[in-house]
Amino acid sequence: MKLSPILGFALVALTLACLPVLLPDGFYLGIATHALVFAILALSLDILIGQAGMTSLGHAVYLGLPAYAVAWLTVQAGWPPLPSVIVALLIGTLTAALFGLLALRASGLGFLMITLALGQVMWGVAYRWVALTGGDNGLRMPGRPVLLGIDLQAPLPFYAVVAVCLLAALICLWHLDRSAFGACLRGTRDQPRRMRMLGHDVWRIRYAGFVIAGFWGSVAGVLYCLDYQYVSPQALSLPQSAEALLMVVLGGAGTLAGPVVGAVIITAIKTVVSSYVDRWYSLLGLTFIVVVSLMPRGLVPGVRDLWERLRA
Amino acid sequence: MTAPALEIIGLHKQFGGLVATRNLSLRVMAGERRLLIGPNGAGKTTLFNQIAGDFLPNAGTIRLFGTDMTTLPTKARVRLGLGRTYQVLTLFPNDTLLHNVVLALLGTQGGGWSVWGGLSRSTGLHDQALVALTRVGLGHAANRRVAETSYGERRRLELAMALAQSPKVLLLDEPLAGLSAEERETVRLLLEGIPRDVTIILIEHDMDVALAFADRITLLNFGEVIVEGTRAEVIADPRTREVYLGH
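Protein chains in written order, with my numbering: chain A, 1 to 312; chain B, 1 to 247.
No wet-lab data here; the hints were simulated from the structure. Every residue gets a Cβ at the ideal spot worked out from N, C-alpha and C, and that includes glycine. Hints should not be assumed to be uniformly reliable.
Stated by the list, open to error - Some but not every residue of chain B turned toward chain A, in silico, with C-beta under 7 Å:
#, residue
1, Ala52
2, Thr90
3, Gly107
Stated by the list, open to error - Chain A regions said to be covered by chain B (calculated; three or more residues, Cβ under 8 Å):
#, segment
4, 101-108
5, 251-261
Said to hold, decoys possible - Here are the computed distance ranges between Cβ atoms for each label pair:
#, chain 1, residue 1, chain 2, residue 2, range
6, B, His12, A, Ile171, 52 to 62 Å
7, A, Trp307, B, Gly193, 20 to 30 Å
8, A, Arg297, B, Gly66, 46 to 56 Å
9, B, Glu192, A, Leu310, 14 to 24 Å
10, A, Ala106, B, Gly139, 48 to 58 Å
11, B, Ala147, A, Val273, 39 to 49 Å
12, B, Arg144, A, Ser4, 49 to 59 Å
13, B, Gly10, A, Glu308, 51 to 61 Å
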């Protein structure tokens, strides 16, 4: 089954537009919004994992840091919402530009450990620098702001903004995937030494990928802050980074749909099931083990393979 | 007087206690076909790795057309006109042959930073890649994935990728290894067809093809140059017999 890309995006847009009508009330629309925010985060992480072949355990930095920035700038500094959002995106992306310099001194396990360490440093700062971050209590927003003339307080307009951002992320990453740069990024994943011998600057290609991932992670971070109207050190924590990684691996790294599917499933388990079952983390782990042992490459490639085998 | 295409002076490389390259000097003139021979472990591929910049020597100088590139990163050496094929194939197996050559073209021509306008619509690159594939007789297979091709076809793809970059100095690491007699003949004709403005340094164990192809031969053993000279000189030298051909 080969979808034309325009038809594919139209289908996604249609689904996103129909969702508010199909869901029973604002509570479920809120959960759908959470899921879409995390879908953007998972998509950004998949640039590193799926395209560049570099597994990061510190991607929560780009969720938590811009979230803190939005909350601090609007509440503590009293900035208007739009400049706060723009500066927060800038802070997140520049942090990626800085952390990329450090993390990309290594690849493989070394890269993983540096991203993990940088994530822990940021978590530690958020937890301990109480005067700036509120420590364990975090920072609370008084409500969602009016952004570009749209009042984001009600669930529906905010959902619409998040849905548009997700669609924009999907289109951009689809472009990236089929561009010359995307081809070079995958080249450095598969054969870094060969790419060097072909005249490519492997380090710079990876660095650019890292910064792009940081930017889209920051988009998710800003939306996260506006969504929950609250940010605490938990947004910067290792479990948060691991959860994003889980979303990518569960749905299928290196696909556009995979991270979105992974984010939706994990958010659903987290928010819906946790109201009925106490040990939802165990359930999450169990789901992960079952999926990965049956479909090692993740749900989306796994289902696609299954579909092709059934048709043949 | 023009500088040699490749000039190596006093190259030395040591891995712990193992000397891989020992005070090695080599001059290859522009347009020359130079064959490197020597028993397994003589340091032939290690020498290629140092010329390509995979790792730096402990001492010595490497010049390409007079430019000192001893400490330059690999990508700068490629820009100076260095090309290489590998002994162990390092292709992109899940992509098409055409895509592999396009990646090679992006490496030397730039354009790898383009984020907009899909790669598949870049007809200029694709036309050039197709020319390179046709040159090695793979034009008809351009849209097949590497994983679906035979070993011999992959060897020829290696050559197409190297030639697409229009190198001035080409390092070929055992281009005939593992090929059938028929495929050897195909690759031999391809090598013969490379114009003389490309200097070629070749590692090869197939003496029938390699001896006929080479202008000059260098025999290495334990990282040292043992004998160097024309085909006749090297074959006649008793040390060649001792180290390599004899027994």
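Structure-based check of all given hints:
1. Ala52: With a closest approach of 6 Å, the alanine 52/B hint holds.
2. Thr90: Constraint on threonine 90/B satisfied, holds at 4 Å.
3. Gly107: For glycine 107/B, the interface hint holds, since the closest Cβ of chain A sits about 3 Å away, which is under 7 Å.
4. 101-108: With 0 residues in contact (Cβ-Cβ under 8 Å with chain B), the coverage given for the segment 101-108 of chain A is violated.
5. 251-261: violated (count 0)
6. His12/B to Ile171/A: 52 to 62 Å: Since histidine 12/B and isoleucine 171/A have Cβ atoms about 54 Å apart, the given range 52 to 62 Å holds.
7. Trp307/A to Gly193/B: 20 to 30 Å: violated, 47 Å
8. Arg297/A to Gly66/B: 46 to 56 Å: Holds: the Cβ-Cβ distance is about 51 Å, inside 46 to 56 Å.
9. Glu192/B to Leu310/A: 14 to 24 Å: Roughly 52 Å apart at Cβ, these two residues miss the hinted range, so it is violated.
10. Ala106/A to Gly139/B: 48 to 58 Å: violated, 41 Å
11. Ala147/B to Val273/A: 39 to 49 Å: Since alanine 147/B and valine 273/A have Cβ atoms about 41 Å apart, the given range 39 to 49 Å holds.
12. Arg144/B to Ser4/A: 49 to 59 Å: violated, 23 Å
13. Gly10/B to Glu308/A: 51 to 61 Å: About 59 Å separates the Cβ atoms of glycine 10/B and glutamate 308/A, which means 51 to 61 Å holds.
Checked against the numbered hints above, the structure violates hints 4, 5, 7, 9, 10, 12; every other hint is satisfied.
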